[in-house]
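Model the full assembly from the supplied sequences, consistent with the hints where possible.
Quick mapping for you: the protein sequence lines, in order, are chains G and Z.
Residue numbering for the first sequence follows this note's numbering, beginning at 1 and increasing consecutively.
Residue numbering for the second sequence follows this note's numbering, beginning at 1 and increasing consecutively.
Hints were generated in silico from the structure; no laboratory data involved.
C-beta: ideal position from N, C-alpha, C; glycine also.
Only true hints are included.
Once the Cα atoms are required to be at most 20 Å apart in a straight line, the calculated SDA-like pairs of lysine to any residue come out as:
#	chain 1	residue 1	chain 2	residue 2
1	Z	K190	Z	N57
2	G	K26	G	A40
3	G	K26	Z	T41
4	Z	K280	Z	A234
5	G	K11	Z	S223
6	Z	K11	G	S223
7	Z	K26	G	S223
8	Z	K26	G	T204
9	Z	K26	G	A200
10	Z	K26	G	T41
11	Z	K26	Z	T37
12	Z	K26	G	A143
13	Z	K11	Z	D22
14	G	K277	G	E201
15	Z	K11	G	S148
16	Z	K26	G	G42
17	G	K288	G	D298
Chain Z is nowhere near these chain G residues, computed Cβ spacing over 12 Å in every case:
#	residue
18	E100
19	S101
20	W282
21	G292
From chain Z, some residues computed to sit far from chain G (all C-beta separations above 10 Å):
#	residue
22	W60
23	A242
24	M253
2 protein chains.
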Amino acid sequence: MDELAIIERLKEIFARAGRDSDSHLKVGIGDDAAFFTPRATGVAVATDLLTEGVHFNRQWSDLYAIGRKATAANLADIFAMGVPPGYLLVAVAFDPADRESIFELAQGIADECALIGARVIGGDLSRAESLTVSMTAIGEGDAVVTRSGAQVGDSLYLAALPGRSLLGLEQLRRDLVLDSESIAFHRSPKVEYRSFLDAAESATSLCDISDGILIDAASLARSSSLSIDLESEALRAHPAFAAIADVALALEMDPLQTVLTSGEEHGPLFTAPASWKGSKAWRIGTVKARAGSLLTLDGVAIEERGFSHF
Amino acid sequence: MDELAIIERLKEIFARAGRDSDSHLKVGIGDDAAFFTPRATGVAVATDLLTEGVHFNRQWSDLYAIGRKATAANLADIFAMGVPPGYLLVAVAFDPADRESIFELAQGIADECALIGARVIGGDLSRAESLTVSMTAIGEGDAVVTRSGAQVGDSLYLAALPGRSLLGLEQLRRDLVLDSESIAFHRSPKVEYRSFLDAAESATSLCDISDGILIDAASLARSSSLSIDLESEALRAHPAFAAIADVALALEMDPLQTVLTSGEEHGPLFTAPASWKGSKAWRIGTVKARAGSLLTLDGVAIEERGFSHF
Numbered sequence: 001m002d003e004l005a006i007i008e009r010l011k012e013i014f015a016r017a018g019r020d021s022d023s024h025l026k027v028g029i030g031d032d033a034a035f036f037t038p039r040a041t042g043v044a045v046a047t048d049l050l051t052e053g054v055h056f057n058r059q060w061s062d063l064y065a066i067g068r069k070a071t072a073a074n075l076a077d078i079f080a081m082g083v084p085p086g087y088l089l090v091a092v093a094f095d096p097a098d099r100e101s102i103f104e105l106a107q108g109i110a111d112e113c114a115l116i117g118a119r120v121i122g123g124d125l126s127r128a129e130s131l132t133v134s135m136t137a138i139g140e141g142d143a144v145v146t147r148s149g150a151q152v153g154d155s156l157y158l159a160a161l162p163g164r165s166l167l168g169l170e171q172l173r174r175d176l177v178l179d180s181e182s183i184a185f186h187r188s189p190k191v192e193y194r195s196f197l198d199a200a201e202s203a204t205s206l207c208d209i210s211d212g213i214l215i216d217a218a219s220l221a222r223s224s225s226l227s228i229d230l231e232s233e234a235l236r237a238h239p240a241f242a243a244i245a246d247v248a249l250a251l252e253m254d255p256l257q258t259v260l261t262s263g264e265e266h267g268p269l270f271t272a273p274a275s276w277k278g279s280k281a282w283r284i285g286t287v288k289a290r291a292g293s294l295l296t297l298d299g300v301a302i303e304e305r306g307f308s309h310f
Numbered sequence: 001m002d003e004l005a006i007i008e009r010l011k012e013i014f015a016r017a018g019r020d021s022d023s024h025l026k027v028g029i030g031d032d033a034a035f036f037t038p039r040a041t042g043v044a045v046a047t048d049l050l051t052e053g054v055h056f057n058r059q060w061s062d063l064y065a066i067g068r069k070a071t072a073a074n075l076a077d078i079f080a081m082g083v084p085p086g087y088l089l090v091a092v093a094f095d096p097a098d099r100e101s102i103f104e105l106a107q108g109i110a111d112e113c114a115l116i117g118a119r120v121i122g123g124d125l126s127r128a129e130s131l132t133v134s135m136t137a138i139g140e141g142d143a144v145v146t147r148s149g150a151q152v153g154d155s156l157y158l159a160a161l162p163g164r165s166l167l168g169l170e171q172l173r174r175d176l177v178l179d180s181e182s183i184a185f186h187r188s189p190k191v192e193y194r195s196f197l198d199a200a201e202s203a204t205s206l207c208d209i210s211d212g213i214l215i216d217a218a219s220l221a222r223s224s225s226l227s228i229d230l231e232s233e234a235l236r237a238h239p240a241f242a243a244i245a246d247v248a249l250a251l252e253m254d255p256l257q258t259v260l261t262s263g264e265e266h267g268p269l270f271t272a273p274a275s276w277k278g279s280k281a282w283r284i285g286t287v288k289a290r291a292g293s294l295l296t297l298d299g300v301a302i303e304e305r306g307f308s309h310f
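Here is the structure:
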């Protein structure tokens, strides 16, 4: 099977996902570039590069799960601007001897795209010794919510509480199974994409929880030139905290630290006026004027730690 | 130097290239995604993934040249649609111990972008054992020229004659210097970007010569469901042929095969009506109805061989 035959099969896999007919897509897979006419006045673009051993581990996940997870991370970057992604470019470098597994990866990408009606419209194939995946997600919208709009007095909110991805990873590292749900979640997180758009309606600043609450809250604070105080009682009161704490304690991990540092979960972390009453978000902190530390937990300075890929 | 400090320095390097002020760029480097309002009714996007040992060799090129070359390849994909690229996303995975070299790479990217007023507006950084670079170029235009519009009776044209990149590569492989100009060209090709837009004004089909004349002419023929006959006399009559042939013969390489298979040169290969008189393009073949082989040379079937990265 040569490159052209691989591309034909990939086109079939990707054709099954996405919009059935799309009059805005003028040129798709197979030319020098894809070409579309945007549905809105603005276009959001974000790129991710994932390498074996850093972003994924083929001993712990199959390529289908890796495809879903990589896609989720890239789509979430666009959702985190308050805009729905519609298109994806996918570039893959892989060992040609291992080409069947590329179709598993593609199926994972296609299935994650299908959840939100996004479509792969182009990409690149190359040989390499280890697997590398690069994705670029594209969204269309008239306006976006950035990380830099938080105001003193705003509250900090999230929708889903992180924790499960780190618990799953820790079990994979220790080669034990205490809670299969969190292992499955680490391999391929179930992302509530809609929650980003709900958040964007009221958010003054917004980002995706990709590196964990501490790193991403610090990023909002830095971009907005403010401080953020996280409230441990509010975090512990989140409806999902108890189940996460149970597994964390069984693994002899600190429940609050688990929640604060688990990454690759992909949900909205955002600021909104303290008076805001969102039904699908949970208040976990307060935006304050910058005075010393970027980030505090119950008023005490806390280090930015989490799930960085660098 | 941590990730944030690296990103700050990269922002400075990229800020020096590109449009001085750009009212269409609403969100640049540093948020979850970049956001812009297109200047035209359509958007062209293309992605490339380059890995060490396949697309570049750090023993033969410094990172500045690799940055220029990678950028040229990606920008040419957008130009090959007949549209000028304005924005670039760059994702890099690299060994953190080697981070100074990332700034050399970035300077190469910025300098190549500056040639055409393009700008890096976002990206991703990750650690990895070997260097991997992924780029996504974005262009804006109201219409594009695809690979699929060639008509029976059209002629095949190119602007610059390929050959030098392969001659340069061969000297690097053999560790000798017969012609330093072609070695420099292999490390970082000088692309006549404007020639793509000139070609697009009259082209019925158009692509970039990235894999070599044979592979790319076959691609035009395949996409247009036609055959293409290349004419060796026309190729030999190109003003650049003699100089390429001299170096090829000194290296005991076949001059015509060198011209037909040299890749990574990046110039327009296109079809246009036979009656067309373009001053900056050279006629090298004829589009015929499909009868057997996709590609012929002087009427004799010829295999698609060239500079594939797969």
